[in-house]
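Student: Construct the complete structure from the given sequences, taking the supplied hints into account.
Listed below, chain by chain, are the residues.
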Amino acid sequence: MLPEICLALAMVGITAYAVLGSADFGAGFWDLTAGGARRGGRVRGMVQHAMSPVWEANHVWLIFVLVVVWTAFPVAFGSIFSTLSIPLFLAALGIIFRGAAFALRGQAGTIREARVLGALFASSSVLIPFCLGAAIGGIASGRVPVGNATGDVWSSWLNPTSVLIGVLGVVTGAHLAAVFLAADSRRAGQEDLVHAFRTRALGSGVLAGALALAGLLVVRSDARALFDGLTSGAGLACVLVSGAAGVGTLVLVARGRHEPARFVAAVSVAAIVAGWAFAQRPYLLPPELTLDEAAAPDATLAAVLAGLGIGAVILVPSLWLLYRLVLRGVLDQRFEPLDQRFTTLDKDERR
Amino acid sequence: MVDLVVAQALSETLGGGPQPDLLEARQMQALSLAVHIPLVCFGIAFPAMFLFVEGLYLRTGDETFKRLAVKWSKVALTLFAVGVVTGTILSFEFGLLWPEFMASFGQVFGIAFALEGISFFVEAIFMAIYVYGWQRLSPRVHFLTGIPIVISGFAGSFNVIAVNGWMNDPGGFDVVGGRVVDPRPWEAMFNDAMAHEVFHMYLAGYVVAGFIVAGVYSAAWLRGRRDKYVHTALVVTLSFACLAAPVQVIVGDWAARSVTQRQPVKLAAFEGLAHTTKGASFTIGGVFDEDEQRVRWGIEIPHLLSLLAEHDPNATITGLDSVPPEDRPPVNVVRFAFQTMVGIGTGLALLGAVFFLTWWRRRRLPRSRWFFRAVVAAGPLALVALIAGWITTEVGRQPWIVYEVMRTEQAVTSADGLETGYVALVLVYLALASGVLWMLRRLARQG
Ligand code: HDD
Ligand code: HEM
Ligand code: HEM
Numbered sequence: 214m215l216p217e218i219c220l221a222l223a224m225v226g227i228t229a230y231a232v233l234g235s236a237d238f239g240a241g242f243w244d245l246t247a248g249g250a251r252r253g254g255r256v257r258g259m260v261q262h263a264m265s266p267v268w269e270a271n272h273v274w275l276i277f278v279l280v281v282v283w284t285a286f287p288v289a290f291g292s293i294f295s296t297l298s299i300p301l302f303l304a305a306l307g308i309i310f311r312g313a314a315f316a317l318r319g320q321a322g323t324i325r326e327a328r329v330l331g332a333l334f335a336s337s338s339v340l341i342p343f344c345l346g347a348a349i350g351g352i353a354s355g356r357v358p359v360g361n362a363t364g365d366v367w368s369s370w371l372n373p374t375s376v377l378i379g380v381l382g383v384v385t386g387a388h389l390a391a392v393f394l395a396a397d398s399r400r401a402g403q404e405d406l407v408h409a410f411r412t413r414a415l416g417s418g419v420l421a422g423a424l425a426l427a428g429l430l431v432v433r434s435d436a437r438a439l440f441d442g443l444t445s446g447a448g449l450a451c452v453l454v455s456g457a458a459g460v461g462t463l464v465l466v467a468r469g470r471h472e473p474a475r476f477v478a479a480v481s482v483a484a485i486v487a488g489w490a491f492a493q494r495p496y497l498l499p500p501e502l503t504l505d506e507a508a509a510p511d512a513t514l515a516a517v518l519a520g521l522g523i524g525a526v527i528l529v530p531s532l533w534l535l536y537r538l539v540l541r542g543v544l545d546q547r548f549e550p551l552d553q554r555f556t557t558l559d560k561d562e563r564r
Numbered sequence: 370m371v372d373l374v375v376a377q378a379l380s381e382t383l384g385g386g387p388q389p390d391l392l393e394a395r396q397m398q399a400l401s402l403a404v405h406i407p408l409v410c411f412g413i414a415f416p417a418m419f420l421f422v423e424g425l426y427l428r429t430g431d432e433t434f435k436r437l438a439v440k441w442s443k444v445a446l447t448l449f450a451v452g453v454v455t456g457t458i459l460s461f462e463f464g465l466l467w468p469e470f471m472a473s474f475g476q477v478f479g480i481a482f483a484l485e486g487i488s489f490f491v492e493a494i495f496m497a498i499y500v501y502g503w504q505r506l507s508p509r510v511h512f513l514t515g516i517p518i519v520i521s522g523f524a525g526s527f528n529v530i531a532v533n534g535w536m537n538d539p540g541g542f543d544v545v546g547g548r549v550v551d552p553r554p555w556e557a558m559f560n561d562a563m564a565h566e567v568f569h570m571y572l573a574g575y576v577v578a579g580f581i582v583a584g585v586y587s588a589a590w591l592r593g594r595r596d597k598y599v600h601t602a603l604v605v606t607l608s609f610a611c612l613a614a615p616v617q618v619i620v621g622d623w624a625a626r627s628v629t630q631r632q633p634v635k636l637a638a639f640e641g642l643a644h645t646t647k648g649a650s651f652t653i654g655g656v657f658d659e660d661e662q663r664v665r666w667g668i669e670i671p672h673l674l675s676l677l678a679e680h681d682p683n684a685t686i687t688g689l690d691s692v693p694p695e696d697r698p699p700v701n702v703v704r705f706a707f708q709t710m711v712g713i714g715t716g717l718a719l720l721g722a723v724f725f726l727t728w729w730r731r732r733r734l735p736r737s738r739w740f741f742r743a744v745v746a747a748g749p750l751a752l753v754a755l756i757a758g759w760i761t762t763e764v765g766r767q768p769w770i771v772y773e774v775m776r777t778e779q780a781v782t783s784a785d786g787l788e789t790g791y792v793a794l795v796l797v798y799l800a801l802a803s804g805v806l807w808m809l810r811r812l813a814r815q816g
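Chains as they are written, first to last, in my numbering: chain P, 214 to 564; chain Y, 370 to 816.
No lab work stands behind these hints: they were computed from the structure. Nothing false has been slipped in among the hints.
Residues from chain P that face chain Y, not an exhaustive set, calculated with beta carbons under 7 Å:
(1) Val280
(2) Val288
(3) Gly360
(4) Ala509
(5) Ala512
Negatives, chain Y to chain P, calculated, CB over 12 Å:
(6) His644
(7) His680
(8) Val711
Backbone N, C-alpha and C fix where the C-beta goes; we use that ideal spot for every residue, glycine too.
Tutor: What follows is the structure, given as structure tokens:
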């Protein structure tokens, strides 16, 4: 029982990061594709406006996942990180660039400095979800054996399933970000941006759905066990929920109901993460290491649960406070269209 | 000391091929820590400083205080962001560089990191509320949202240090048949090395952050900017740093005595003491000669080492020869780092004493330009002492990653090609460091 609870906690962390973290990455993607200084000014302004207060808190979910896995499933952690060292190292470098560039960009003095920092920020926003997705693909398709770097360093993450999940990660992030930013724009009273992000949300949502469907065929030929898990029993149920929620999101967005769309979009991601867990049950590292074999002794698992339980008493109200303040606009900075220097564009362009 | 039964040598938990890249892995770990730790000092100490200034604002209503608090909290947020990413790299490196270590011991010490994660979560949340809430939260509520930042900054470092303490004083598990069994996470967390490390590091945070920020305003002072804003900034930061610096010497003495008890070979490396000696002398400077097994060209002060380490001039101090050569750390690196830290620490404590004597007797800042020049130098020096301290602790623990249980070479990854990663990491950190310095200069120029 304890191993399952700890796994569930890790899954909660992965889901939260996949929703909140990849929405941040997606925002970077829209920043990247926003166009030149003038045309993209309002989009960039909105991205900055929406992300500033929350991106650090969103990022901590990743730490949370790492910590739970290395404590509760140490052998799996060592195996995963040694075999998948390349994509994970790339993701780590991307994380440095992304955080630093985002933090520093506000201080850029010239448009050239800003272009460099902005491009760094935005392109690492694509690199990170791809690499993390590819790593997950390696695990799910059974390419990470137990051992110190005993898997293949390249094919463990450059294979059909990994590439699929990596690309899906990027597209889903973009979709989530557009859904969230549309809602944020509505709150900030910027109707033209609501429209811009709605279009982006619908486009990327359709693309994500199509990719997911086509992806099932890829998985079928590349990782049969995973495919079977996703198309039967609890795995199938999760896939269906995820699909329905995905369609639901599109409908809500099309109708302009942006606040509920946020939550339905999140459900869609949560369901597919759960589906992945069910699909590879009982393995943590298919096809050899089961969850029970991978789990640390009960004393450790109990300590993790006790520690996180006590932590949750502090953490949950704090998170609740943060998101409430954010959603009420208490932490909002004034919305301003920004050029790539993240300084305000000329007054006449504001409206 | 925790009793630990290591019946057989530890064998590999994961197992794999050869482990070719130990050197690169060590360099990468050391480099990443050297980048992370200075940022952490600001995470520890800066919140207390801006909260203190905000408290002054609430009491007096003087806008100068508010301007300072807003400014510092913005800088803190940026540094925090960089601290977060560099910390994330460290977490990744645990797995990327030391998978065997994690696979064997994650179950033992991981809990401290779980608690650390919670603290950082809380810190990130309230940091955001604080920095973005200046306009719309009422002054009192705003002040209150700063308090969790201070507490969680402490709690976060406490938990990481608990792990480092455990690596130096391992406990809370048994080794049976070459395997780590029966983990007792809470016992591991509350180890004997933790207490002095926590206090020493916590004070280091105040010394480093305090002197660096004070140095920025000292430079402005020397250039002739002597308004109320600069004056206030100087008095506040110097008060924090100059209070911490002398106390740091006392805690350092505690640390040294604790090391004498638990890790005598490490202490012998600090001092270059080859043979177990009664009434050992303390040598300042010089170089340890591996062939002759003694320190050459140093200034020797009889009985001082015994006095410092055991508070008894005739006490017996264990030498390096108590263990075979392959179990000894590289003496010169450790010794040089230790002496650098102690030398700088003594200097900073004197500087602190000058500040407090002047303040106490005259209620003003010292007038001499040399004082302000010294403060400008003190920031970088404190940083050097910090890194030197960590080299002392970490390299002094070698060749063990878990003291007397697991060797560093057993812990490392089998993945090849770390050279590429190392070069990439160096370049990325150089870019990061220049980016941060560039930004801090921009911010400092804005006043
Ligand atoms: C501003 C930084 C700073 C300053 C001024 C000092 N130290 Fe320090 N020292 C550190 C920062 C530091 C540290 C934070 O870097 C370390 C590394 C591990 C630790 O717990 O603190 C450390 C470790 C450390 C250790 C090793 C502890 C261990 O291995 O467990 C000893 C014996 C001392 N210190 C002793 C001193 C003495 C006698 C000092 C003064 C005269 C002194 N330190 C000043
Ligand atoms: C928890 C807090 C820790 C802190 C603050 C810390 C600090 C440091 C520092 C500052 C260095 C630099 C020494 C140098 O420049 O040579 C260092 C080196 C090193 N650290 Fe740690 N460390 C910590 C935990 C760890 C962990 C968890 C590992 C391994 C998994 C580790 C392994 C090493 C290794 C192998 C070196 C290189 C030693 C050498 O070059 O001889 N440290 N550490
Ligand atoms: C091997 C060692 C270390 C690891 C793996 C590590 C890991 C991390 C991680 C993941 C974060 C980001 C947390 C977030 O997302 O908010 C972080 C930040 C932080 N770490 Fe470390 N850390 C290490 C060493 C240290 C040491 C030695 C200290 C202090 C004594 C420390 C204190 C902090 C603090 C206070 C922060 C908050 C961010 C900031 O203030 O810049 N860490 N660390």
